[in-house]
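There are 4 protein chains.
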Amino acid sequence: MRYNFMNDYNECAHERILDAIVRANREQDDSYGLDSRCAHARALILARLGGAQSDVHFLVGGTQANLTIIAASIKPYQGVVCAESGHINIHETGAIEATGHKVLPLPTNNGKITAEQIATLVAAHYADATAEHMVQPGMVYLSQPTEVGTVYSKDELRAISRVCLLYGMPLYIDGARLGNAFAVDGADVFLPELAKLTSAFSIGGTKMGALFGEALVINDPLLKKDFRYHIKQRGGMLAKGRLLGIQFETLFEDGLYDEIGRHTVKQAQRIAAAVRAKGYELFVDSPTNQVFPILPRELLKKLASDFGYAFWQTFDSENDVVRFCTSWATPPEMVDALLDGIPAKR
Amino acid sequence: MRYNFMNDYNECAHERILDAIVRANREQDDSYGLDSRCAHARALILARLGGAQSDVHFLVGGTQANLTIIAASIKPYQGVVCAESGHINIHETGAIEATGHKVLPLPTNNGKITAEQIATLVAAHYADATAEHMVQPGMVYLSQPTEVGTVYSKDELRAISRVCLLYGMPLYIDGARLGNAFAVDGADVFLPELAKLTSAFSIGGTKMGALFGEALVINDPLLKKDFRYHIKQRGGMLAKGRLLGIQFETLFEDGLYDEIGRHTVKQAQRIAAAVRAKGYELFVDSPTNQVFPILPRELLKKLASDFGYAFWQTFDSENDVVRFCTSWATPPEMVDALLDGIPAKR
Amino acid sequence: MRYNFMNDYNECAHERILDAIVRANREQDDSYGLDSRCAHARALILARLGGAQSDVHFLVGGTQANLTIIAASIKPYQGVVCAESGHINIHETGAIEATGHKVLPLPTNNGKITAEQIATLVAAHYADATAEHMVQPGMVYLSQPTEVGTVYSKDELRAISRVCLLYGMPLYIDGARLGNAFAVDGADVFLPELAKLTSAFSIGGTKMGALFGEALVINDPLLKKDFRYHIKQRGGMLAKGRLLGIQFETLFEDGLYDEIGRHTVKQAQRIAAAVRAKGYELFVDSPTNQVFPILPRELLKKLASDFGYAFWQTFDSENDVVRFCTSWATPPEMVDALLDGIPAKR
Amino acid sequence: MRYNFMNDYNECAHERILDAIVRANREQDDSYGLDSRCAHARALILARLGGAQSDVHFLVGGTQANLTIIAASIKPYQGVVCAESGHINIHETGAIEATGHKVLPLPTNNGKITAEQIATLVAAHYADATAEHMVQPGMVYLSQPTEVGTVYSKDELRAISRVCLLYGMPLYIDGARLGNAFAVDGADVFLPELAKLTSAFSIGGTKMGALFGEALVINDPLLKKDFRYHIKQRGGMLAKGRLLGIQFETLFEDGLYDEIGRHTVKQAQRIAAAVRAKGYELFVDSPTNQVFPILPRELLKKLASDFGYAFWQTFDSENDVVRFCTSWATPPEMVDALLDGIPAKR
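Protein chains in written order, with the working numbering: chain A, 1 to 346; chain B, 1 to 346; chain C, 1 to 346; chain D, 1 to 346.
Treat the hints with caution; some may be incorrect.
Note: identical chains are not told apart, hence a pair may lie in one copy or across any two.
[Stated by the list, open to error] Listed next, the in silico BS3-like pairs over lysine-lysine satisfying Cα-Cα at most 25 Å (straight line):
(1) K154 with K266
(2) K225 with K196
(3) K224 with K278
(4) K75 with K224
(5) K224 with K302
It is worth saying that the hints were derived from the structure and are not from the lab.
Predicted, not measured: the structure shown is a model, and the values here were computed from it.
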């Protein structure tokens, strides 16, 4: 195979990150996230939050970040509202339920849910005479970008945030690929907006050029207390915590995080534009690093000997939806090669 | 109000049950279900299972019976498949999730799910390359009768049982109103069928004339071991356990359980037939003790001064769906009175 | 056997309670604790709390009451401090841990723990540099009377309450046999003291003459919110809830609860006094309804043909500690008969 | 400070590990532990198990490995037996309880528990007439070396393994610092013994020269099924899983794991021997990489300006117990310098 577009974690880490880890290897430092590098990374992130006095924690992975903040934020009888395509609903093996909480999915066509959907659900709950027999919606989970690469606008987030405020529900955003949302043309949701509109959000490292790791930013003062106990209990506290600190230092020191997002999105959108220009349709109109073309099954078979991609779903008797994913590591020439392999639609 | 048809637990217990409790009051007996009355009730139920060597436990309530058997039967990463209208999915405040397990709902129009639906879901799970990232379907939960009063036939259950066997999933039936299913015209699923086709099922007492209590019948030898530990841990073990024993003794000694079912269903079906004869439609075609007529809002307002019923949902601009419920205690003359209050449709 | 002193739930309910249930049997009432009888029972209990604006809920059993209030009161990383002999630590099959929380036991010789023990534990936790790696003491659980029948004085409770206040830990008292503590000579802790000094406490019914049931009194406003969701989720909400209402109405209408406590304790203390007078020692000096004499094994064997008792532990090569338990139902003449069977020590 | 002996994770990773990660950085590989490097690391470990057909998984951290295997191995009403000083009992913020299970601690003076202690506990459980009201001992957890650096001999493990077999309890060994146990003089427990005597054990990476990561070796066929679901659910499955594969490849390719153990233990035992020779006593006689001298408080204060160590506990009015920890990275000259700073006892 010449290049695998299957997902955005087929290679490891941006070389500047690896270099920083190698350089610091023999420096002795404190453990469990209380070290100097985490402190510095925390400061760098804080400096970009538009003045918010948030807490920043570094956790090992995304599922962990999600289950830890959710279990920490709601009461035993409360559930978490999300899109039916939400990662916590379908791709974490019931990690949220394992902490005792129901996931309350809302239907979606494009990975996003609306303020109106949420308000309707919650209002219906409180209006029901038997509400006590049902799981109370206690929190809202969004992904930015979503699992199919779409992006919430500032207006959309503001409306959702208002509903959450009204009903006293924390709003949490899973930013596993957050940097790609920043790189979209016309993007209007950046770190300061997230710090203002959410109770907590994560800044994904794994899918944005790090070896692994997520920064969890907690804005709501009520959720800050004793959060490190939660991290430890759920197994998310790394002994050599500075490994996380160094990675986020590097990502946020000189704009590397944004640079990675720009590269990643640019390569994906080159695929999207070219595929469209060749006459094919896209199954989801995703402006970030996932491209979902509808392609002839025969062509896909041919492509497969040179390029990896993910099968998404059957479209019709002759065509399938597939996913191409780009990352910090995707060489532009491999995108060229891929596109060379896709002829214009007859 | 003359009579409340709101639900089937507005009165307390059949008088024969109360009498038996009063008579035994000063007899000393062992505790926590190890007493002579539970032993006798167990024997009476066993004698009706068609020869099955099942274990029979008596638990305080239905939610407890459900959460205890489900949490006992599946592994941490497994979930329980049920109808989206299943009691465990919508009316137990997330009791199943509180034990760590996801509920996997399937769509339904009449409260029932099919063997095909289950097989499709499970096959899709195992066919998915990322199955390990998803909750594994580990068990099937049905209600007989369902939450809207419909009933599974022997053929339907047999087909579901076969799918469960094929995939190694225990099949559990919540029989909160089980006796009503036995009383349906043409019923072909009775205790021996349940003992043969399910891994476990409950025989509801609360809604069938008892003060409270459910008998949990475990047929699958793998689920029998140490089950009393589970009951104690989940808070379902009654200190004065013979209270449960006496109630189920009385229900199963002289056919009282069946008698109650027959009375209950008869009164409900009188309502159903009369309402239909008067020209109204039923929202769900339920052969048991819940009747769901579509009635003019104006008429309902009038009825409400004399009779209680449950609002189910808005039907159109002039009509609502409501539910009338009958029980062991429903006096036939109150059904007459209710029907007198419903004029033929213009 | 002439009489079984094994425990205080060998008979069922005080006849006045049964009478009331029988009388109300055909009255239609609301369900799930929202009925008129629960409302009345609530008012009767409230009227005895010395003016406290508490919430009163009625739950099916003791283990349920304990696990529901504890899981409702603390955060995932917190545990509950109790005596190592505490019911939640040793006799609930890990019901508390099943809700996700560690039980933090303190050593005790007489079933009680002290304010100083608690303060030392908690202070040590917060003083530890690695506190985040340990379970945070989040709540205190006491039993009144304790599992071996001893009783906290007002001064002892006040001191414990102060420590709890200081560290922000709810104080919960399990009153499974609460009425017996009220009947002790020199008792100075009654309902108003409990309402003032605790965050929540239970008033046991099962072991105090009811068929079953515990009243849970919540004094701390922070714990009141949405508590009925918790009850439903944990399976403690009875459909025919008025069964609980009627029982507590009867217990608190005309002083029956206190009367039962006086009778129960009187019979037990008659045993204690007589056994002592005959020259035997008591293993625990318990002023309530459990008596723990150290008796010759040979004598015990003889007694066993006429009287039931619980083996407690081996004392030495010739003697065992046993437990005699009295209840609302214990006939004084059976105590006489028992004492006749115990000769003076040689 | 010249050197910090506080713990064995103050530096990052052995340089050969870092080199291997850097070299493989741009190679595309599969994710979530299904990559070629994990496969190779698995094979290398398997080859050292003396022929056992074990499953080998790579998890992110130790707390996760512990909670995942324990929650996967026992039933809801079962608990895990361990030393009271066991990591799961005191240093994981209740991670085990958060999965629903009680930890059942046994007293110990040296971090170890005995087969006899375990057998006594379990036998007492099953002999108790009220066993169903108590947590059933369902599994045994040991640490090798223990939390205070002591080591189980083959005879000790064999005896414990026999008790576990007898009662059907899986035996799990937490090998966070396993390589150090191999390096002890007279060691007789190596990988083949662990594969034979345990149901599962972990091979710690974090404290043995890796950046992070633990290999979990499952020997018991009953525990192997669907284990990757458990890992994913608990958040222990790394997206870029080959990071773990590469590290364990490097550790097990050319004997690096053993080499690191030998270096680490040698430096620690140099401290132990020298401190003893200078006339001081050791609080625990630990043959691995943790040394617990009892030193004058005044001397400790002086040492602190040049060397880090962990305060363990007050010994008497003038002396404290402290802990010195060595690692793969400890320079021999720093041990020399430390020892130079400790004068002979007067």
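Exercise for review: Report the numbers of all earlier hints that the structure fails to satisfy, in ascending order.
Suggested key: 3 and 5
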